[in-house]
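Trainee: Given next are the chains, with one letter for each unit.
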Amino acid sequence: MAEEHAHKLKDSCNVHCHCIKINGLSVSFGPDKVLDDVSLHMHCGELTVLIGPNGAGKSTLLKAILGQISHEGNIEFKETKTGNVSNVMRIGYVPQSLNIEREIPITVYDMFASYISRYPTWLPKNKKLYAKIREQLKIFSVDDCIDKQVGKLSGGQLQRVMLSIAITPMPNLLILDEPVSGIDENGVRDFYQIVNEMKSKNDLAILLVSHDLGLVRKYADKVVLLDKKILCKGKPDDVYEDSNFKRIFGTEGA
Amino acid sequence: MFGFLTYAFMRNALLAILVSTPIFALLGTTVVNKKMAFFSDAIGHSALCGIAVGVVFGLTSKSLSMVLFAVLFSVLLNLVKDRTTYGADTIISVFASVAMSLGLVLLSIGGSFNKYTSYLVGDILSITQTEVIYLSICLVLVIVFWIFSYNSLSADNLNRALARSKGINGKIYDYIFSAFIAVVIMFSIRWIGILLINSLIILPAASSRNISRNTRTYHLWAVIISLISGVSGLLISYYRGIPSGPTIVLILGGIFFVTFIIHSLRKD
Numbered sequence: 001m002a003e004e005h006a007h008k009l010k011d012s013c014n015v016h017c018h019c020i021k022i023n024g025l026s027v028s029f030g031p032d033k034v035l036d037d038v039s040l041h042m043h044c045g046e047l048t049v050l051i052g053p054n055g056a057g058k059s060t061l062l063k064a065i066l067g068q069i070s071h072e073g074n075i076e077f078k079e080t081k082t083g084n085v086s087n088v089m090r091i092g093y094v095p096q097s098l099n100i101e102r103e104i105p106i107t108v109y110d111m112f113a114s115y116i117s118r119y120p121t122w123l124p125k126n127k128k129l130y131a132k133i134r135e136q137l138k139i140f141s142v143d144d145c146i147d148k149q150v151g152k153l154s155g156g157q158l159q160r161v162m163l164s165i166a167i168t169p170m171p172n173l174l175i176l177d178e179p180v181s182g183i184d185e186n187g188v189r190d191f192y193q194i195v196n197e198m199k200s201k202n203d204l205a206i207l208l209v210s211h212d213l214g215l216v217r218k219y220a221d222k223v224v225l226l227d228k229k230i231l232c233k234g235k236p237d238d239v240y241e242d243s244n245f246k247r248i249f250g251t252e253g254a
Numbered sequence: 001m002f003g004f005l006t007y008a009f010m011r012n013a014l015l016a017i018l019v020s021t022p023i024f025a026l027l028g029t030t031v032v033n034k035k036m037a038f039f040s041d042a043i044g045h046s047a048l049c050g051i052a053v054g055v056v057f058g059l060t061s062k063s064l065s066m067v068l069f070a071v072l073f074s075v076l077l078n079l080v081k082d083r084t085t086y087g088a089d090t091i092i093s094v095f096a097s098v099a100m101s102l103g104l105v106l107l108s109i110g111g112s113f114n115k116y117t118s119y120l121v122g123d124i125l126s127i128t129q130t131e132v133i134y135l136s137i138c139l140v141l142v143i144v145f146w147i148f149s150y151n152s153l154s155a156d157n158l159n160r161a162l163a164r165s166k167g168i169n170g171k172i173y174d175y176i177f178s179a180f181i182a183v184v185i186m187f188s189i190r191w192i193g194i195l196l197i198n199s200l201i202i203l204p205a206a207s208s209r210n211i212s213r214n215t216r217t218y219h220l221w222a223v224i225i226s227l228i229s230g231v232s233g234l235l236i237s238y239y240r241g242i243p244s245g246p247t248i249v250l251i252l253g254g255i256f257f258v259t260f261i262i263h264s265l266r267k268d
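Just so you know, the protein sequences line up as chains A and B, in that order.
All residue numbers for the first sequence refer to the numbering used here, where the first residue is 1 and numbers rise by one.
All residue numbers for the second sequence refer to the numbering used here, where the first residue is 1 and numbers rise by one.
Hint data in this document are derived by calculation from the structure and do not stem from the laboratory.
Quantities reported herein were computed from a predicted structural model and do not represent experimental measurements.
Backbone N, C-alpha and C define an ideal beta-carbon position, used for all residues, glycine too.
Worth double-checking, as some hints may not be accurate.
[What the hints assert, rightly or not] The calculated lysine-lysine pairs, modelled on BS3-like cross-linking and capped at a C-alpha distance of 27 Å, are:
hint : chain 1 : residue 1 : chain 2 : residue 2
1    : B       : K115      : A       : K152
2    : A       : K132      : B       : K81
3    : B       : K81       : A       : K201
4    : B       : K171      : A       : K138
5    : A       : K78       : B       : K81
6    : A       : K148      : B       : K81
7    : A       : K148      : B       : K166
8    : B       : K81       : A       : K152
9    : A       : K125      : A       : K138
10   : A       : K125      : B       : K35
11   : B       : K81       : A       : K21
12   : A       : K33       : B       : K171
13   : B       : K81       : A       : K125
14   : A       : K128      : B       : K166
15   : B       : K81       : A       : K222
16   : A       : K127      : B       : K81
17   : A       : K63       : B       : K115
18   : B       : K166      : A       : K78
19   : B       : K166      : A       : K63
20   : B       : K81       : A       : K33
21   : B       : K35       : A       : K21
[As the list claims (entries may be wrong)] For each label pair, taking beta carbons as the anchor points, the in silico distance ranges come out as:
hint : chain 1 : residue 1 : chain 2 : residue 2 : range
22   : B       : T90       : A       : I69       : 42 to 52 Å
23   : A       : P31       : B       : N114      : 37 to 47 Å
24   : A       : L123      : B       : I228      : 38 to 48 Å
25   : B       : I137      : A       : Y119      : 23 to 33 Å
26   : A       : K21       : B       : S93       : 44 to 54 Å
27   : A       : L123      : B       : I137      : 44 to 54 Å
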């Protein structure tokens with residue numbers, strides 16, 4: 001089983017294979033150590049899921065990887081084919097929520113353009129940019145939302161729009177922060193399917209923070225149980241059998 | 001109809017309005033989206049302190065000292081806001097009240113605060129050609145800033161972490177944006193007054209938001225509403241002999257309620 005899995009991974013790593021290494025990452029807020037010596041290894045074409053109780057530091061870890069908060073330790077990005085180690089990697093990010101209200105006069109085009117282009121969104125629409133955005137939205141079948149106000153999208157639509165923004169341009173690492181809130185059960189299932197397709201099609205390393213233990217078990221390649229430090233990591237089946245997992249989540253998740 | 005234009009002070013007043021209302025409208029769109037109405041209000045109040053500093057230290061150019069103070073104040077306010085665990089509105093409130101009180105005290109030192117009461121309610125007829133020129137420079141700078149930075153400001157406002165992942169450093173734009181608000185307020189305080197200045201920033205954008213669905217119409221309506229209210233307010237105040245600042249704000253208020261009703265009647 002493990003061999004088969006590894007083989008599959010190798011196959012999917014055909015073009016730009018890379019891996020991301022997080023070495024001894026620690027974060028302190030004043031005297032409180034929020035993250036303690038976290039080391040992680042992520043490969044392309046692999047979905048790593050971060051789980052843990054509330055206040056475990058999951059969002060903090062994502063923010064540290066995004067370079068938003070200062071931390072100890074380092075993050076290495078390596079092209080495995082050429083062996084080049086570099087600290088410059090492109091990260092795609094899908095945040096937990098947006099600062100929008102229902103009526104905000106910002107359309108999907110406006111929001112998308114503001115993240116990927118310098119052409120001012122308050123000037124008449126740029127046709128080339130508009131076409132490009134439409135194309136990117138089409139990947140997740142939400143191109144018909146391009147002129148809708150962002151506050152009026154359904155949870156699932158917004159999710160897909162955010163995913164298309166995150167992969168424009170295609171990143172080396174895609175970080176998804178609890179993207180399931182505000183979406184119904186079918187929406188969540190769809191989401192996991194999209195993520196699953198995306199990782200194998202685009203050779204993406206994906207790091208996902210999730211609460212849906214059932215779907216995590218089905219789709220994750222690797223699960224990391226975090227509570228200020230890494231309690232255990234490995235294949236879902238192994239982590240779900242771990243005593244730490246049972247202590248935190250009981251047996252319901254397994 | 002255009003008889004008022006024979007007076008130099010009315011020409012200056014009209015020019016000042018034509019130049020400054022679009023600035024307020026543009027800045028207002030983002031002030032409203034970022035929900036920082038209170039912030040711009042605080043900067044307006046602190047303007048009094050900027051004036052006082054200029055007067056007390058007898059700086060040769062009062063305008064220069066006001067601009068320096070405005071930039072310093074907005075940067076300091078942002079710095080403290082970013083580094084504190086208090087709510088932002090508490091910090092803003094503390095800063096605004098201290099700055100305003102300091103301004104009042106400094107200006108009263110010679111026992112002649114009455115000289116400065118015009119800063120509270122404003123007097124558009126006192127505006128000089130130099131100030132019109134300063135405002136025009138502001139307009140050009142704001143438009144240039146808007147061309148290069150509006151996307152980043154908006155991206156940062158929607159989600160800072162997402163903006164960072166796209167290489168957009170939102171904090172810098174935030175600082176420049178607040179500094180712009182502070183400087184524009186300083187140059188306009190003379191004619192609109194500390195008490196009303198924030199309405200010129202908030203109301204056009206708020207009204208436009210009622211009837212806009214995208215960034216383009218949002219900007220367009222804000223500028224149109226701002227210009228119409230400014231010019232008509234000036235004319236009405238001139239022919240009726242009432243103060244122009246409050247007249248403009250009343251017209252803006254009326255437009256807000258009209259757009260609010262349009263918005264309520266409209267179905268998606």
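Trainee: Tell me the hint numbers this structure goes against, listed in increasing order.
Mentor: 1, 2, 3, 4, 5, 6, 8, 11, 13, 15, 16, 17, 21, 22, 23, 24 and 27
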